[in-house]
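Trainee: Sequence:
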Amino acid sequence: MFAKKSAPIGTIFSIVAVIVFFLFGLGSCSNPSTPAGHEGYVYEKPRMFGSGGYQGSLQGPSNYGMSVLRNEVINIDMRPNTYTEKFRILANDDLNIVFDFHAVVSIRAGTVKAVVENYGGEHWYERFVRETFRTYVRNAVQKFDSGELKARRDDIAKEVTIKLQTYLNATPFEVKNIVVGNINYPDIVAKAVEKKLAAQQLLSEKETQKQIAKKDAEIRIEEAKGIAQAQKIINSTLTENYLQHEAINAQLKMAESPNHTTVYIPVGTNGMPLVKGLK
Numbered sequence: 000m001f002a003k004k005s006a007p008i009g010t011i012f013s014i015v016a017v018i019v020f021f022l023f024g025l026g027s028c029s030n031p032s033t034p035a036g037h038e039g040y041v042y043e044k045p046r047m048f049g050s051g052g053y054q055g056s057l058q059g060p061s062n063y064g065m066s067v068l069r070n071e072v073i074n075i076d077m078r079p080n081t082y083t084e085k086f087r088i089l090a091n092d093d094l095n096i097v098f099d100f101h102a103v104v105s106i107r108a109g110t111v112k113a114v115v116e117n118y119g120g121e122h123w124y125e126r127f128v129r130e131t132f133r134t135y136v137r138n139a140v141q142k143f144d145s146g147e148l149k150a151r152r153d154d155i156a157k158e159v160t161i162k163l164q165t166y167l168n169a170t171p172f173e174v175k176n177i178v179v180g181n182i183n184y185p186d187i188v189a190k191a192v193e194k195k196l197a198a199q200q201l202l203s204e205k206e207t208q209k210q211i212a213k214k215d216a217e218i219r220i221e222e223a224k225g226i227a228q229a230q231k232i233i234n235s236t237l238t239e240n241y242l243q244h245e246a247i248n249a250q251l252k253m254a255e256s257p258n259h260t261t262v263y264i265p266v267g268t269n270g271m272p273l274v275k276g277l278k
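Counting in numbering that gives the first Met the number 0, the sequence shown runs from 0 upward without gaps.
Since the hints were made in silico from the structure, they are not lab data.
Here the structure is a predicted model, which means the values were calculated and not measured.
Any given hint could turn out to be false.
Now the in silico label distances, taken between C-beta atoms and shown as ranges [as the list claims (entries may be wrong)]:
#1 Arg137 / Ser203: 32 to 40 Å
#2 Ile182 / Tyr82: 15 to 23 Å
#3 Glu217 / His101: 54 to 62 Å
Cut-off 25 Å, straight-line C-alpha distance, at most; resulting in silico cross-link-like pairs (SDA-like, lysine to any residue) [claimed, not checked]:
#4 Lys175 / Pro185
#5 Lys149 / Thr110
#6 Lys142 / Val178
#7 Lys175 / Glu130
#8 Lys85 / Gln210
#9 Lys149 / Tyr184
#10 Lys44 / Lys149
#11 Lys142 / Pro185
#12 Lys142 / Asp76
#13 Lys149 / Asn176
#14 Lys85 / Val97
#15 Lys44 / Asn95
Even for Gly, the Cβ is constructed at its ideal location relative to N, Cα and C.
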């Protein structure tokens with residue numbers, strides 16, 4: 000029988016090295032992916048060799064593909080998002096006003112590399128936009144008295160929009176819209192406003208009553224004028240002869256009444272008593 004020869008030690012070591020390298024390479028493979036509405040910043044995180052760094056970008060939804068390099072991805076949401084800031088600001092008349100300010104901001108397509116490397120990546124808003132945005136809002140609001148803010152909210156939003164657009168003009172970020180949210184006044188202001196509205200309502204009612212009284216007076220004046228005019232006309236036609244004629248006619252009608260006997264004693268130089276008895 001022939002003795003079985005063992006494999007050389009070098010050969011065994013080579014085989015083991017190949018297996019270890021294969022397993023290491025398989026474990027080092029990656030397949031970065033990016034969801035819809037996002038752009039992915041693909042970079043290599045070096046382990047034992049290589050400089051690593053930016054490898055490319057992904058337009059979601061997509062994946063980078065299997066790679067023996069240890070690639071990773073930072074996904075940035077490129078869609079318009081609303082960023083809300085809450086404020087408590089002293090207005091021009093030294094009253095604290097509480098309100099919200101909403102900014103809708105998006106990121107321009109194809110700029111994910113700049114966003115990650117120059118503007119803080121996923122935290123771009125907090126690092127690059129937030130404090131500037133808040134400063135613009137404070138400066139715009141503090142120009143007005145508290146009572147003007149609700150009426151001037153569109154002007155304030157317009158001013159902040161123009162300033163923020165100018166600030167972000169050369170960056171990947173784009174301002175879509177800015178809106179002033181609910182404005183809440185201190186209790187003392189709210190009560191003062193209620194009293195003012197109540198006083199205005201009462202004043203309006205008094206003014207209405209005044210107009211009604213004025214119209215009533217005008218009506219009475221016109222009625223008095225009518226009565227005076229009528230009396231003037233009557234007085235101009237009531238002569239002594241006319242009155243005597245009317246008195247005699249009245250006496251005749253009453254004397255001819257079958258129900259009773261009436262004796263008239265007219266007053267005047269031409270008056271004559273009329274007597275008529277019952278049958």
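Trainee: Compare the structure with each hint and give your call.
Mentor: Evaluation of the provided hints:
1. In this structure the hint that Arg137 and Ser203 lie 32 to 40 Å apart at CB holds, the actual value being about 38 Å.
2. Restraint check, Ile182 to Tyr82: a C-beta distance of roughly 19 Å satisfies the suggested window 15 to 23 Å.
3. For Glu217 and His101, the Cβ-Cβ distance of about 56 Å falls inside the hinted range of 54 to 62 Å, so the restraint holds.
4. Taken as a hint, the Lys175 and Pro185 pair is broken in the structure, with Cα atoms around 32 Å apart against an allowance of 25 Å.
5. With a CA separation close to 38 Å, the supplied pair Lys149 and Thr110 exceeds the 25 Å bound.
6. With a C-alpha separation of about 18 Å, the suggested pair Lys142 and Val178 falls inside the 25 Å cut-off, and the hint holds.
7. Proximity of Lys175 to Glu130 is assessed by CA-CA distance (about 18 Å); at most 25 Å being required, the pair is judged to hold.
8. For a cut-off of 25 Å, the pair hint linking Lys85 to Gln210 is broken: about 49 Å separates their Cα positions.
9. Between Lys149 and Tyr184 the alpha-carbon distance is near 10 Å, which keeps this suggested pair within the 25 Å criterion.
10. Distance restraint check for Lys44 and Lys149: the Cα-Cα separation of roughly 52 Å exceeds the 25 Å cut-off, and the hinted pair is therefore not satisfied.
11. About 18 Å separates the Cα atoms of Lys142 and Pro185, which keeps this hinted pair within 25 Å; it holds.
12. Of the supplied pair hints, the one linking Lys142 and Asp76 is violated, its CA atoms being roughly 35 Å apart against a limit of 25 Å.
13. For the proposed pair Lys149 and Asn176, the alpha carbon gap of about 18 Å is at most 25 Å, so the pair holds.
14. The suggested pairing of Lys85 with Val97 holds, with an alpha-carbon distance near 8 Å, which does not exceed 25 Å.
15. The hinted pair formed by Lys44 and Asn95 fails the criterion: a straight-line CA distance of about 50 Å is larger than 25 Å.
In terms of the numbered hints stated before, the structure departs from hints 4, 5, 8, 10, 12 and 15, listed from lowest to highest.
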